[in-house]
Amino acid sequence: MATNTTVVPARLAKPKAAAGPWREAFGRLVRNKLAVLGLILVSLLLFCGIFGPLIAPWPYQDQDLQAIFANGNRPLPPLSPNHILGTDQLGRDLLSRLLDGARISVTVAFVVQFVIIFIGVPVGAFSGWFGGRTDNFMMRLTDVFYAFPDLLFIILLSVAFRETVFGQALDGLLLVFVAIGLVGWVTVARLTRGQMLALKETEFVEAAKAIGVSDRKIVMRHLLPNGMGPIIVAITLGVPVAILAEATLAYIGIGVQPPRASWGSLIAEGQKYIRSEPHLVIFPAIFIALALIGFTFLGDGLRDALDPKLKGKQ
Amino acid sequence: MIAYIGRRLLWIIPVLFTVSVITFFLMHSVPGGPWDREKHLPQGTQDRLNAQYGLDQPIYVQYARWAGAFIQGDLGPSYRFQDRTVNDIVADGIWTTVQLGVMAFLLAVAVGIPLGIFAALGHNKAPDYIATSISIIGIATPVFVLGILMTVFFAVQLGWFPTGGWKGPQYWVLPTIALAGFPIAIIARYTRASMLEVTRKDYIRTAQSKGLRDQAVVSRHMIRNALIPVVTILGPTLAFLVTGSFIIERIFGIPGVGQYYITAIGTRDYSLLMAMTMLYAFAVAFLNVVVDVLYAYIDPRIRYS
Chain A
34 MATNTTVVPA RLAKPKAAAG PWREAFGRLV RNKLAVLGLI LVSLLLFCGI
84 FGPLIAPWPY QDQDLQAIFA NGNRPLPPLS PNHILGTDQL GRDLLSRLLD
134 GARISVTVAF VVQFVIIFIG VPVGAFSGWF GGRTDNFMMR LTDVFYAFPD
184 LLFIILLSVA FRETVFGQAL DGLLLVFVAI GLVGWVTVAR LTRGQMLALK
234 ETEFVEAAKA IGVSDRKIVM RHLLPNGMGP IIVAITLGVP VAILAEATLA
284 YIGIGVQPPR ASWGSLIAEG QKYIRSEPHL VIFPAIFIAL ALIGFTFLGD
334 GLRDALDPKL KGKQ
Chain B
431 MIAYIGRRLL WIIPVLFTVS VITFFLMHSV PGGPWDREKH LPQGTQDRLN
481 AQYGLDQPIY VQYARWAGAF IQGDLGPSYR FQDRTVNDIV ADGIWTTVQL
531 GVMAFLLAVA VGIPLGIFAA LGHNKAPDYI ATSISIIGIA TPVFVLGILM
581 TVFFAVQLGW FPTGGWKGPQ YWVLPTIALA GFPIAIIARY TRASMLEVTR
631 KDYIRTAQSK GLRDQAVVSR HMIRNALIPV VTILGPTLAF LVTGSFIIER
681 IFGIPGVGQY YITAIGTRDY SLLMAMTMLY AFAVAFLNVV VDVLYAYIDP
731 RIRYS
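Just so you know, the sequences run in chain order A and B.
Going by the numbering used here, the first sequence opens with residue 34, and the numbers climb by one from there.
Going by the numbering used here, the second sequence opens with residue 431, and the numbers climb by one from there.
Certain hints may be false.
Claimed, not checked - Only pairs whose alpha carbons sit at most 30 Å apart, straight line, appear in this in silico DSSO-like list of lysine-lysine:
1. B:LYS555 / A:LYS66
2. B:LYS597 / A:LYS66
3. B:LYS597 / A:LYS305
4. A:LYS233 / A:LYS250
5. B:LYS555 / B:LYS631
6. B:LYS555 / B:LYS640
7. B:LYS631 / A:LYS233
As the list claims (entries may be wrong) - Some, not all, of what chain B presents toward chain A, calculated at C-beta under 7 Å:
8. THR448
9. VAL451
10. LEU456
11. PRO461
12. PRO572
13. GLN689
14. TYR691
15. LEU717
16. VAL723
By construction, these hints were calculated from the structure, which means they are not laboratory data.
Values in this document were obtained by computation on a predicted structure and should not be read as measured data.
For each residue, glycine too, the CB sits at the ideal point set by N, CA and C.
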């Protein structure tokens, strides 16, 4: 592990550390080079997603018809004047479109994980805390969702509700996000349940019970905060899965509606010109890759930082 | 053990039932019907077709009919390909899809596990960085990007392989590699983490201190124990490969069943869509049981009752 190199300073720093476990974990995180790289990539993606339209050289739907015409009605190559990454076949600036795509990916990352937390954590907590029949029922429910062919279920949901108000919200994206979340919560539910089961037997929970703290308060105050580490890791590592799912759906033509384009649909468009204009596929592919790598490294780093088994061993 | 397997297999039935109900009702709530084509059919014709296929019945009656036929192994007529039954369509394409999925799976295991072991044995040294870089590429490249790039490079530019089709072994190479890219990365990462975990275990120290050769420690103690958790991800991986091949089938023009899923939704081919969903749900549920049983078999610490 990359943290090995900094073992000694960490140990020496320890005596003064009355710092909480979260700060300790954060310290471990920033000493991990790959995690820091992940953090940087994720921050860049967030920055592009939030401020993308402000820093984009052109509005994403604007067509530079003159430039295209001068180029014989073909997409401009990268490093053209005014269009640093070139344009697509309609003369739209590729960098601007990629930045708008970043906004879509960032929204995916947040909305999907929100749906997953919103369903997965309560179901898992409920199941683990009450146990018995409730638990059995909940776990069988997750079995059903687990067996659903997920990408296919998302496609079906997206097509089924495409015409409704809900399906039109956020340029057709909200529906896709919710659909991705609906098939993704099972992992988090199972994880939360496992944490609940383990923590339920601990002495501090027994103590809380003994002094008459209500069930709700025990779950909210003691179980969830203590079981949070692995859940945070699972959620972070779920982000690249969601981004990938959205890109895949966009590639087959489901989700965001033109003129907006997600990275997946940019690749689908660019594929038609790949032999003469490979940049139309390569750049979106690079953006997707950086986003996936960023969240994966960050998630791995968080796991190492939050894993109590490693605590003190480093 | 037999009772456990039996119970788990029986449990697939309610899972499939729930999946079928949800899909059936969702599918029928999609606006439009199988007769909306490029050429608009007159209302009278549509009504007659609906009556002929029972689509004018209440939805629960339609479901009951579908379920009754399904239990007897009749997947119904295809609305889109009217000269063929869904049974024919599935029978034609299923083995191609299974073959592609299984080949990609074998490739992923054959490359991913050694890659992970290699990385762990050279932990924080060159082998680790090389293997980790390979798996990062696998994780960061969506299957469709890999498919497109491989077609352009190996089929169009170099001309080593055909760009599409499924007529012989040379047609299998590119789709199999493209499909296996992501699982290779996942399996390698998992194997590496599991190997590193095992390295810290007391029994490894025991084995080393009793003077066992390094090679024997690695092959007899480390790898065998490290692979146990890896088995848990193989089930979902195989399911992912068998069900997730539709994009690769599209890119390479492979005549499997995966391609039908998207077209079936687009054309409202209800019976074909149901057949595909049930097939996939069964594959996922069944493979999960297989993995759990296999897990108990290779790890003597686990006992099911």
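If you draw a straight line from the CA of LYS233 (chain A) to the CA of LYS250 (chain A), is it 30 Å or shorter?
13 Å, holds
Could you check if VAL723 (chain B) really has its C-beta closer than 7 Å to a C-beta on chain A?
At 16 Å from the nearest chain A Cβ, VAL723 (chain B) fails the 7 Å test, so the hint is violated.
Does LYS305 (chain A) lie within 30 Å of LYS597 (chain B) when you go C-alpha to C-alpha?
Between LYS597 (chain B) and LYS305 (chain A) the Cα gap is close to 25 Å, so the pair holds against 30 Å.
Grab the minimum C-beta distance from VAL451 (chain B) to chain A and call the hint holds if it beats 7 Å, violated otherwise.
At about 10 Å, which exceeds the 7 Å cut-off, the nearest Cβ of chain A leaves the hint on VAL451 (chain B) violated.
Given THR448 (chain B) as an interface hint, is the shortest Cβ-Cβ distance to chain A below 7 Å?
5 Å, holds
Does LYS555 (chain B) pair with LYS66 (chain A) here, judged by a C-alpha cut-off of 30 Å?
Distance of about 15 Å is within 30 Å: holds.
For LYS597 (chain B) and LYS66 (chain A), compute the direct alpha-carbon distance and say whether it is at most 30 Å.
Violated, at roughly 48 Å.
At a threshold of 7 Å, is the proposed contact between PRO461 (chain B) and chain A supported by beta-carbon distances?
Holds, because the Cβ-Cβ distance from PRO461 (chain B) to chain A comes to roughly 6 Å (cut-off 7 Å).
Just to be careful, I want the Cα atoms of LYS555 (chain B) and LYS631 (chain B) compared with a cutoff of 30 Å; is the pair within it?
Since the Cα atoms of LYS555 (chain B) and LYS631 (chain B) sit roughly 21 Å apart, the hinted pair holds (cutoff 30 Å).
The hint names LEU456 (chain B) as touching chain A; please verify it with the least Cβ-Cβ distance against 7 Å.
5 Å, holds
Distance restraint between LYS631 (chain B) and LYS233 (chain A), which requires alpha-carbon spacing of 30 Å or less
28 Å, holds
Given pair status - LYS640 (chain B), LYS555 (chain B), alpha carbons within 30 Å
27 Å, holds
Checked against the numbered hints above, the structure violates hints 2, 9, 13, 15, 16; every other hint is satisfied.
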